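Using the sequences and the hints given, assemble the complete structure.
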Amino acid sequence: MKSRKMMLTLAAMMLASTTALAGCGGNNEGGNANAPKNETNNTGGSAAGEANAGGEDEAKLDPAKLKVYMIGGPQRDLPQVQDEMNKYLTEKINATVDITMIDWGDYSKRMQVITTSGENFDIAFTSSWAFDYLPNATRGAFMPINDLLDKYGQGIKENLDPRFLSGSQIDGKNYAVPVNKELASQWVWRFNKQYVDKYKIDVTKIRTLEDMEPYLKQIKESEPADITPLAVPKGFKPYVPFDFLLGDEFPVGINLSDKEGKYVNILESAELKSSLATIRKYYQAGYLRKDVATLDGIDNIKTGKWFADREQTQPYADLGWSRSAGYDIVSNPMQDPVIFTGSATGAMHAISANSKNPERAMMFLNLLNTDPYLRNLINYGIEGTHYKKLSDNVIEDLPAMKDGFQMPGFALGNLFLTYLHKEDPADKWDAFKKFNDSAIVAPSFGFNFNPDPVKTEVASISAIVKEFYPSIMTGSVDPDEYLPKAIEKLKAAGLDKVIAEAQKQYDAWKAANGK
Amino acid sequence: MPGILKSLLKNKAFLLMVLPGAAWFIIFAYLPMFGTIIAFKDFRIHPGGFFKSVYESDWVGFKNFEFLFSTDDAYIITRNTILYNVGLIALGLVLAVTLAVVMNELLNKRLAKMYQTAMFMPYFLSWVIISYFVFSFLNVEKGVFNQILAYFGADPVSWYNETKYWPYFLILLGLWKSAGYGSVVYLAAIAGIDKSLYEAAMIDGASKWQQIKSITLPQLKPLMIILTVLNLGGIFRSDFGLFYQVTRDSGALYPVTNVIDTFVYRGLTIMGDMGMSTAAGLYQSFVGLILVLTANWAVRKIEKDYAVF
Numbered sequence: 001m002k003s004r005k006m007m008l009t010l011a012a013m014m015l016a017s018t019t020a021l022a023g024c025g026g027n028n029e030g031g032n033a034n035a036p037k038n039e040t041n042n043t044g045g046s047a048a049g050e051a052n053a054g055g056e057d058e059a060k061l062d063p064a065k066l067k068v069y070m071i072g073g074p075q076r077d078l079p080q081v082q083d084e085m086n087k088y089l090t091e092k093i094n095a096t097v098d099i100t101m102i103d104w105g106d107y108s109k110r111m112q113v114i115t116t117s118g119e120n121f122d123i124a125f126t127s128s129w130a131f132d133y134l135p136n137a138t139r140g141a142f143m144p145i146n147d148l149l150d151k152y153g154q155g156i157k158e159n160l161d162p163r164f165l166s167g168s169q170i171d172g173k174n175y176a177v178p179v180n181k182e183l184a185s186q187w188v189w190r191f192n193k194q195y196v197d198k199y200k201i202d203v204t205k206i207r208t209l210e211d212m213e214p215y216l217k218q219i220k221e222s223e224p225a226d227i228t229p230l231a232v233p234k235g236f237k238p239y240v241p242f243d244f245l246l247g248d249e250f251p252v253g254i255n256l257s258d259k260e261g262k263y264v265n266i267l268e269s270a271e272l273k274s275s276l277a278t279i280r281k282y283y284q285a286g287y288l289r290k291d292v293a294t295l296d297g298i299d300n301i302k303t304g305k306w307f308a309d310r311e312q313t314q315p316y317a318d319l320g321w322s323r324s325a326g327y328d329i330v331s332n333p334m335q336d337p338v339i340f341t342g343s344a345t346g347a348m349h350a351i352s353a354n355s356k357n358p359e360r361a362m363m364f365l366n367l368l369n370t371d372p373y374l375r376n377l378i379n380y381g382i383e384g385t386h387y388k389k390l391s392d393n394v395i396e397d398l399p400a401m402k403d404g405f406q407m408p409g410f411a412l413g414n415l416f417l418t419y420l421h422k423e424d425p426a427d428k429w430d431a432f433k434k435f436n437d438s439a440i441v442a443p444s445f446g447f448n449f450n451p452d453p454v455k456t457e458v459a460s461i462s463a464i465v466k467e468f469y470p471s472i473m474t475g476s477v478d479p480d481e482y483l484p485k486a487i488e489k490l491k492a493a494g495l496d497k498v499i500a501e502a503q504k505q506y507d508a509w510k511a512a513n514g515k
Numbered sequence: 001m002p003g004i005l006k007s008l009l010k011n012k013a014f015l016l017m018v019l020p021g022a023a024w025f026i027i028f029a030y031l032p033m034f035g036t037i038i039a040f041k042d043f044r045i046h047p048g049g050f051f052k053s054v055y056e057s058d059w060v061g062f063k064n065f066e067f068l069f070s071t072d073d074a075y076i077i078t079r080n081t082i083l084y085n086v087g088l089i090a091l092g093l094v095l096a097v098t099l100a101v102v103m104n105e106l107l108n109k110r111l112a113k114m115y116q117t118a119m120f121m122p123y124f125l126s127w128v129i130i131s132y133f134v135f136s137f138l139n140v141e142k143g144v145f146n147q148i149l150a151y152f153g154a155d156p157v158s159w160y161n162e163t164k165y166w167p168y169f170l171i172l173l174g175l176w177k178s179a180g181y182g183s184v185v186y187l188a189a190i191a192g193i194d195k196s197l198y199e200a201a202m203i204d205g206a207s208k209w210q211q212i213k214s215i216t217l218p219q220l221k222p223l224m225i226i227l228t229v230l231n232l233g234g235i236f237r238s239d240f241g242l243f244y245q246v247t248r249d250s251g252a253l254y255p256v257t258n259v260i261d262t263f264v265y266r267g268l269t270i271m272g273d274m275g276m277s278t279a280a281g282l283y284q285s286f287v288g289l290i291l292v293l294t295a296n297w298a299v300r301k302i303e304k305d306y307a308v309f
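Residue numbers (UniProt numbering), protein chains in the order written: chain Y, 1 to 515; chain W, 1 to 309.
Don't read these hints as lab results, they were simulated from the structure. Predicted, not measured: the structure shown is a model, and the values here were computed from it. Heads up, a few of these hints could be off.
No farther apart than 16 Å at their CA atoms in a straight line, the calculated lysine to aspartate or glutamate pairs in the EDC-like style are these [stated by the list, open to error]:
hint: 1; chain 1: W; residue 1: K63; chain 2: Y; residue 2: D452
hint: 2; chain 1: Y; residue 1: K198; chain 2: Y; residue 2: E223
hint: 3; chain 1: Y; residue 1: K290; chain 2: W; residue 2: E141
hint: 4; chain 1: Y; residue 1: K504; chain 2: Y; residue 2: E260
hint: 5; chain 1: W; residue 1: K52; chain 2: Y; residue 2: E119
Structural data, given as structure tokens:
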């Protein structure tokens, strides 16, 4: 009996351990699947940057190898392009790069592990939406780069809109080099032009959620049932004019019209309340899909069975959307463009706190932001192989680009240096600059909230938000019943404490910055 | 010393067999235990590498554990986690043993093998895939269930918003996925039962049912106890995929689907705080350990021979 029992115990132990093993693999779903991939093939023009490696005497530099992590799907032809880059970089700054692409959904988690384990990499992509800049900078993953910028990054400072650098400061220090691109963010309603034409809709008149009503009604009544009038997934939120503390999935912010700068509970704002009543009405009228509260994504562009949705825009976005859809899409803004702290950190490159070659890393970043040859090489690959030049800064893709080298253009360095495609308007990058200049700057621009003192509350609130937001914000449940429920629960979880802490930090920041 | 060496040599075949498992445990279970101290620290990255980071981070006592208990949900998630696991362990045991006994009694061995394989299959499917199967049944507009309801003239049900059905769905799916796997262990144990016991019973005129009741089940009892005690250790852990993927992370269902693992996942993705995640894991392991020890102690009190250790 005894030995038999031992055997059984052993067998059971082994079983238990294999189940434990199997358990390890499963937990990595979800995450940042809705990263802004729309700019994957952005193109570009003004070739004004000077190709100067920061003024150092190259002969004196020891050879260095830079380990670089970038976001995006792994590309077949990357090694080939990387060889080409290395030839050029050896000549310029006597360095070579080793670039690893990590896919959109995995990037945050992989980088979390890489930084925590203390690996000696040099440069990594960071942003407000993937491998989040603020928490990782505060926990010490990145090196402060102000001195390096002064010494080796002059080109960056000259080329970059200064608001990028000031907006991404944490306690007066920069921890990453922002990519020069559109700075302001602006929500728009997008429309399927087919129906806009059919019903002779003047989209420029549609700004608020309420403005949509007659058109949604018309589509619902006249079109077949599989055309969704307001085709949005569970991430949808009615537009409210707030400057968010921790993104739009966290219910704290400053009303943009509030000159005092008071952080409030957004769920208690009059703006949101009236919008929620409207969206509830739309949901009940069947303008949204019945299962919207559990709909992770909705493939409008591909199916074409939609009338309107919402999206973040940038200059000439309609052209890009129409091109990738294969049919015409038009849009109209819900708001004026605004520059938030988060918009300055939409795509950046940080130098690791463990980097052995921070100087050379900065020189490389400087080149990515000033050198048109290198910038276009990493974006479009090799001339003649991946693209052919039609004129000085206009190119046409060759098949190899589509098959083996599709890099996310917005995540690679100064976007304004990149070549244009022939369909692009010639003044594309000027329009970007104008867009940035025309935007309103949010009152808290440059303020980065440090959640550490209230992290218990922030974690609990985040979990509660995920319970209520998708159903309340899409009108799937009655806001009169669920909104008070959500508010009560959030208060119990310490929402007021977070608001008070935010206010305290914000007031201190205002005083320190003389605002 | 020579004694140890001698016994090592004598048992080298067995030791070699143990080696992969032992290595796995040392690398993935014992060495990382060092990391549990992060649960009591405010983790900050230090340029000197991981160990330096751990060493240099400040002690914060039990602060990292607070968030597990800070909301009204603390009760709900603990209740859900425990009840679902108790349900799955108890029903899983009954189902696995029943299936094993039935399989064993099947005369057509070919057919038995086929059933066994068919039941084993779900175990290899990822919850993500299963969640789409389930979705094709429960989709509001085009799902199978609602089509059937519509055929009979009933109103469609918004399955992903109705909490009342989900405890059954989840238990059912959890059992469906693991029953085949669980039954294999018992099937192997049944095969190892001394045949002469059955022969003696048959000579005495025992019916099939009597044989099962008086021979098979008592013989399986030690294994049932061992597996259950070990399963109890995981009672504070739940199958993340089952509660997150299969429910399509529907907020309306949280009251019945939120368990410790999903709560931690939802709360910490925004900050990625190492200390708090480690604290949650440590808490689950600690409660598991206490439960295993208690259960084992109880078994030892009742039937000394059946205790695991």
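Verification of the hints:
no. : hint              : verdict
1   : K63(W) x D452(Y)  : holds (11 Å)
2   : K198(Y) x E223(Y) : holds (11 Å)
3   : K290(Y) x E141(W) : holds (8 Å)
4   : K504(Y) x E260(Y) : holds (13 Å)
5   : K52(W) x E119(Y)  : holds (13 Å)
Going down the numbered hints, you'll see the structure goes against none, and every one checks out.
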